Amino acid sequence: MEITYLEAIRQALWEEMDRDERVFMLGEDIGVYGGAFKVTKGFLDKFGPERVMDTPLSESGFVGAAIGGALMGMRPVVEMQFSDFIACAFDQIVNMAAKHHYRTGEPVPMVIRAPYGGGIHAGPFHSQCPEAWFFHVAGLKLVAPSTPADAKGLLKAAIRDPNPVIYFEHKYLYRHIKGEVPAEDTIVPIGQAEVKRPGSTISVITYGAMLQHSLAAAERLLTEGIDLEVVDLRTLQPLDMATIASSVKKTGRVMVVHEAPKTGGIGGEIAARIAEELFQYLDAPIVRVAPPHTPVPFSPVLEEAYLPNSDTIAGKARALAGF
Amino acid sequence: MGVQQPTPTELLNIYYYLKLTRGLEQRVITLYRQGKIVGGVYLGTGEEAIAVGSASALEPSDVIAPTHRDLGANLMKGITPKEYMAQYLAKQTGLTRGRDGNVHFGDITRGIIGFISPMADLLPVAAGVALTFKIRRERRVVAAFFGDGASSRGDFHEALNLAAVLKLPVVFICHNNQYAYSTPLSRQMAIEHVADRAKAYGMPGISVDGNDVLAVRNAVALAAARARMGEGPSLVEGKTMRMRGHAEHDDASYVPPALLEEWRARDPIDRFAACLRDQTLLDDVTAKAIDDRIAKEIEEAVLFAESSPLPDTKDLLDGVYAA
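Line by line, the protein sequences give chains A and B.
Take the first sequence: its position 315, counting from 1, is numbered 315 in our numbering, and each next residue is one higher.
Take the second sequence: its position 33, counting from 1, is numbered 33 in our numbering, and each next residue is one higher.
It is possible that some hints are incorrect.
[Said to hold, decoys possible] Under the rule of at most 27 Å between Cα atoms (straight-line distance), these lysine-lysine pairs were calculated in the BS3-like manner:
{"id": "1", "chain 1": "A", "residue 1": "316", "chain 2": "A", "residue 2": "262"}
{"id": "2", "chain 1": "B", "residue 1": "134", "chain 2": "A", "residue 2": "156"}
{"id": "3", "chain 1": "A", "residue 1": "38", "chain 2": "A", "residue 2": "178"}
{"id": "4", "chain 1": "A", "residue 1": "41", "chain 2": "A", "residue 2": "156"}
{"id": "5", "chain 1": "B", "residue 1": "167", "chain 2": "A", "residue 2": "41"}
{"id": "6", "chain 1": "A", "residue 1": "41", "chain 2": "B", "residue 2": "134"}
{"id": "7", "chain 1": "B", "residue 1": "134", "chain 2": "A", "residue 2": "46"}
{"id": "8", "chain 1": "A", "residue 1": "156", "chain 2": "A", "residue 2": "38"}
{"id": "9", "chain 1": "A", "residue 1": "46", "chain 2": "B", "residue 2": "167"}
{"id": "10", "chain 1": "A", "residue 1": "249", "chain 2": "A", "residue 2": "316"}
{"id": "11", "chain 1": "A", "residue 1": "46", "chain 2": "A", "residue 2": "156"}
[Stated by the list, open to error] Footprint (simulated), chain A over chain B, 3 or more residues, beta carbon under 8 Å:
{"id": "12", "stretch": "123-129"}
{"id": "13", "stretch": "151-159"}
If you are wondering where the hints come from, they were derived from the structure by calculation, not from laboratory data.
Predicted model only: the values in this text are computed from it and were never measured.
Ideal Cβ positions, reconstructed from N, Cα and C, are used throughout, including at glycine.
All chains, full assembly: derive it from the sequences and hints.
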């Protein structure tokens, strides 16, 4: 049966809570209200108020509390109502959680669910893609699923991982995509990218909502003799350079597509690593497709102009194929 | 709610830890001046009664979240002089194996959350440890230390509010030592007592003479008993004075000498020694025996640290993630 991306997240949480009593949830409005996006609707009735804990409006406070729970052997899952608000908890994440194992050898098994991304006309404070803020910091794992199956399998993997994992769940995808999800308890391992569409002309390296736009661009370009290989990173940290490398060696042309701003984005690191490690396989300069260096604008016409889409991806791909 | 008064053995144990703390820190000053210490030196000179008095009020299974002025509490929770010295000398045998310095150490298995530099960061983490006790129905308490400066930070406010709303078993313990680096109390807050902040969160707040180890012990014991009964957190403020610079590089010339003189006359160890002598629990022979024991432990610790290996650079990359 096909389910939505949101339902996949819900199922993963439900099954992990059911499987392991150490798993509990903390966040704003997740209990009685069921979460701003209703991901945790019904959880309070099933698991009770000590495992589905409504907190004060206090991002740094409840992320810190999750770290404390993790140190005591619990498996806290924090819901950041919007990933934009994760900035309020930045210090706890990068100074406390990320460095703790390296310093002390004590694991910090916790998940921060971060609803992120634009395309929903929500403006500068409800649309951001903050993954690059954390990409720079050693000790965090970052995942960003693009399909219902990956959403479910990666969340299960994140909850079972002994490290702090930020789980970027794309708000636009919540109810916009559906897909088959394995019925059994299936894990998508952290650290493994997946080729979502094999091709031969250009390696499109992407994740999140940009996967769908990249696949749509690929369909359109097929009639023009341009065959995109679409690599879905799924995990952003640690990066799966092996999968990236095998695609680059195959196509010799690389385009990195993401929804976070181009400046200082993860695409820059991917491009640099390809240039450093795989230069001899390249037939053309690496291209990045990503939004400009502005806040995410509110008005639908502005946001549409800001976000990459299948048109912009196809346009850049044509130019790259003809290089 | 009464507090069990300490037995003569417990009183002498408190005296021993006060003296051991002072002795170890004095020895570190010497090592620093000899150029043997790597990095900064952070001391609790004059504030030992808050660390030791508080820790002496706890049960063995309780957890502490110390500051850089709480060596005494760390020692009472089982950190050894050898580990302390090796940490200061950046050796492999230190608690962080050279990955972090000075008093940035802990061991959750011994009930110590490792201190980190950003002030008040451990307070939300302590709340999370307490939350875990509450979820698991364990009658354990967290003693979470902070300074007057840290009480200006958001994490202090978020932690106290969170702990109060969720009725968590935490005792928040303030070293009000008059200065945060060079900033005097009058530039830190517009109120007289840090304990007054408790009212805003709906928890009891009490100010005690922080240089009276038994007054601290009594206040913390009462607050811990209350927390253990499920009645929620409290704030205990110990009024004290930072008798040295923020760290040893800082000559604290901004502190009026008369203020230091005034507080020197209230030295917590001298006062407690006089109190024990008044009760005939301490005489010259006992005092000398304790001093000799401490001197031996300190010299063994220095020898251990100096003869310990430095970390192996081939391990540099290990342990960013827990496996």
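Consistency of the hints with the structure:
1. A:316 to A:262: 15 Å, holds
2. B:134 to A:156: Given that 27 Å is the threshold and the Cα spacing comes to 26 Å, the pair holds.
3. A:38 to A:178: OK: residue 38 (chain A) and residue 178 (chain A) at ~17 Å, within 27 Å.
4. A:41 to A:156: Since the Cα atoms of residue 41 (chain A) and residue 156 (chain A) sit roughly 18 Å apart, the hinted pair holds (cutoff 27 Å).
5. B:167 to A:41: 25 Å, holds
6. A:41 to B:134: Measuring from Cα to Cα gives roughly 24 Å; hence the hint holds.
7. B:134 to A:46: Holds, at about 19 Å.
8. A:156 to A:38: Distance ~19 Å between residue 156 (chain A) and residue 38 (chain A) Cα, so the pair holds.
9. A:46 to B:167: The hint holds at about 23 Å.
10. A:249 to A:316: Satisfied, since the Cα-Cα distance of roughly 20 Å is no more than 27 Å.
11. A:46 to A:156: 19 Å, holds
12. 123-129: Coverage by chain A holds for the stretch 123-129 of chain B (7 residues, Cβ < 8 Å).
13. 151-159: Three-residue rule met by the stretch 151-159 of chain B, so holds; n is 4.
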